[in-house]
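Student: These protein sequence lines map, in sequence, to chains A and B. First residue of the first sequence? That's 1 in my numbering, and the numbers climb one at a time after it. First residue of the second sequence? That's 1001 in my numbering, and the numbers climb one at a time after it.
Keep in mind the hints are simulated off the structure, nothing from the lab. All figures in this text were calculated on a predicted structure; none of them were measured in a lab. Glycine included, every Cβ here is placed at the ideal spot set by N, Cα and C. Certain hints may be false.
Dumping the calculated EDC-like pairs for lysine to aspartate or glutamate here, alpha-carbon to alpha-carbon at most 20 Å [as the list claims (entries may be wrong)]:
#	chain 1	residue 1	chain 2	residue 2
1	A	K40	B	D1122
2	A	K38	B	E1143
3	B	K1091	B	D1070
4	B	K1030	B	E1164
5	B	K1030	A	E321
6	A	K9	B	D1070
7	A	K316	B	E1027
8	B	K1091	B	E1022
9	A	K9	B	D1024
10	A	K38	B	E1027
11	A	K9	B	E1027
12	A	K46	B	E1143
13	A	K316	B	E1022
14	A	K40	B	D1354
15	A	K46	B	E1355
16	A	K9	B	E1143
17	A	K9	B	E1022
18	A	K96	A	E178
19	B	K1199	B	D1354
20	A	K315	B	E1355
Beyond 12 Å from chain B on every Cβ pair, some chain A residues (computed) [claimed, not checked]:
#	residue
21	S18
22	F47
23	A128
24	G200
Below, each chain spelled out in residue letters.
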Amino acid sequence: MNQPNAGRKIAHIISRNSNWTSNGVIRFYKANGVYARKVKWISFLKFFLLASGMAFCAAGIFFFFAYNWSAMHPFAKLGIAQGLVTIPALLAVFLKSQVFVKRILLTASSLMTGVLFAVFGQIYQTGADTYDFFLAWSLFIAIWVVVADFAPLWLIFVILINTTVFFFFEQDVRVWIENARMNIHFAINMFFVLMFLWSGQMKILKNKPGWLIQIIALCAITSLTLSVIFGIYGHQNIHFPIAIVCLLVFFTLAILYGLRSRSFFWLSTIGFSLIAIICALIIKPFDDLELSFLFVSVFIIGSTSLLIYQLLQLKKRWFNEN
Amino acid sequence: MKTDTLQKIINNIRIEYEEELEFDQKEIEKAFTASDSSFSNITIKVLSVAGGILAAIFLTGFLFIAGISDSSVSMMITGIIFVTGSIIVNKLVDNLTLDTASITLYIVGVVIFSIGFMETSDSHNWLCFILIGIAMATLFFSESFMLVFLGTLLFHFAIIYYFENRNAVNLMQFPILLCGFTLVWLTLSEARIITFSRKANIIFKPLQAGFFVAFIAELLFITESSFLFPTRYSYLILSLGMGSATIILLYNVMQSLQSVNIRSRLFVYITALALVIPTIYAPYISGALLLIVLSFHYGFTSQFIISIGLLIYGTSRFYYNMQISLLNKSIILFATGLVIIGTWYYFTQQIKKDEKI
């Protein structure tokens, strides 16, 4: 998908420094796939028409049930919800089609599991807590998640687990310890990041796409940063030193990993997280907001620029080594 | 990119496309090295924007605590100094490292100036004109991606604010349409613009991106405030404008694809009209379709993904807002789905037939 961008960049730079005519650029764009060709249009239209048609039909069926919902017998409701879970799962097992389609079917089943639990809770008035619902949902799809090994489904799974923990603390743990919550979110997300990286290397699971690992890692880093900042502003409990230790260990590891795998993601997010923590440290001891705000804004500009400068230097070095 | 690959590309261009082409080989190589070691990386852009906005918040906070709001004149002067400072610094030192600082200064400058101006004068109209002037000056003087991008956004913000302020909401469709038309024109004439002059070449990308973001923001604005316009004519005008822009665009696309026969052309136009006409009071849907065709054909990948998102969001808003019973909604949705699947079937059959011939 990056092909048009690369072609465009080349053409922009060359035309800036030559007497290339616009017709020449257009021919270059057509020949190098910057402008879409007929084949690309046809495959796009095929996919677009089929996908949107199916989405509309599914929405129509969904609204039809919504219209009749209150009048339906509870067994009918449960039957429909169960059917929505089992039919895609059975299709995924028995249908002779591409693996990609089967993964999408299992993802649909996993989503419908949540609907089934909601319907169940509505009919029997189980009085379960919100976190029970999300806990059951995540537990019962866990095996499908591993079997399908499909990046979007993994993302849904991680979001569900985080939601479970969030509601557990929100409704069932009455004592409010913000940095403990953040530490737990950090631990969960970091566990998944490490597991994905490890299982990818050991060839147990498929290599995960970069975006999946980066989204989850971003959540982990944000949680840890917030935990440390909460710790700085008054929650002086056992969870603060834990967060500090995690910060020292994981940030060092992540920086080393980023340098070794030549990934800007780790270096820049950790750099920015450290900048945020240092800002919190700067503001904290000052009673005088005026001075600290000026100091912080200057510090952010200076440190971000320095970080960008260092990244550019690194990139130049890596580029020359290649 | 290695020098020999570059040489190959240049030679190819020389042989295939243009015989008498004069290159500044050294400059091109320098630009390629620079772009490979910096520009291509989105992480650095995100980092400078995030740092810039964060620093801007604290700097504005400082200026207000320090009592700059006591004097509107000093606010205006500081604002102007900040804006010009950011443009001049970026002009003198062409370096990505400075992006954070110039983004901060530019945003804070515009905000402080506007607040100062509003305290001295009641005329918000003049403020709009001055902001448009600042935006134009940015486009004229700056060559930095971020500043030109921010300037383009400021330009659109000032225009929309002008109409809002004059209570001319019933005329708001015209600036929105103009923004869309300009975006289409810019994208269609990319080759002419980037070969026109050095300056035009450099500001093309941020300008196009700025128009795209502004247009998307305006379309979302229409989606959110469904009772924004006092009369339905505004929606009608918007839909007509975007529909005709889509038709013109499709004509251009099919010209450039060549060997598209009359029947296929007719099929494409009819499908486009069939999508636009039922949603005539929901111009954001035709706007999203316009953007999808535009970004797909002309190869703006990230804009294409965003446009698809807008179409999905717009369609769900459209059905959500519809004031009919669930049963009728279900019938309409299902029928639409069947029609689209039928279109898909017809389309694939035609393709097969064409391939046989």
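Student: So, for every hint listed, does it hold in this structure?
Tutor: Comparing the hints with the structure gives:
no., hint, verdict
1, K40(A) - D1122(B), "violated (55 Å)"
2, K38(A) - E1143(B), "violated (36 Å)"
3, K1091(B) - D1070(B), "violated (32 Å)"
4, K1030(B) - E1164(B), "violated (47 Å)"
5, K1030(B) - E321(A), "holds (17 Å)"
6, K9(A) - D1070(B), "violated (48 Å)"
7, K316(A) - E1027(B), "holds (18 Å)"
8, K1091(B) - E1022(B), "violated (27 Å)"
9, K9(A) - D1024(B), "holds (17 Å)"
10, K38(A) - E1027(B), "violated (35 Å)"
11, K9(A) - E1027(B), "holds (15 Å)"
12, K46(A) - E1143(B), "violated (41 Å)"
13, K316(A) - E1022(B), "violated (29 Å)"
14, K40(A) - D1354(B), "holds (16 Å)"
15, K46(A) - E1355(B), "holds (15 Å)"
16, K9(A) - E1143(B), "holds (16 Å)"
17, K9(A) - E1022(B), "holds (19 Å)"
18, K96(A) - E178(A), "violated (50 Å)"
19, K1199(B) - D1354(B), "violated (45 Å)"
20, K315(A) - E1355(B), "violated (48 Å)"
21, S18, "violated (5 Å)"
22, F47, "violated (9 Å)"
23, A128, "holds (28 Å)"
24, G200, "holds (21 Å)"
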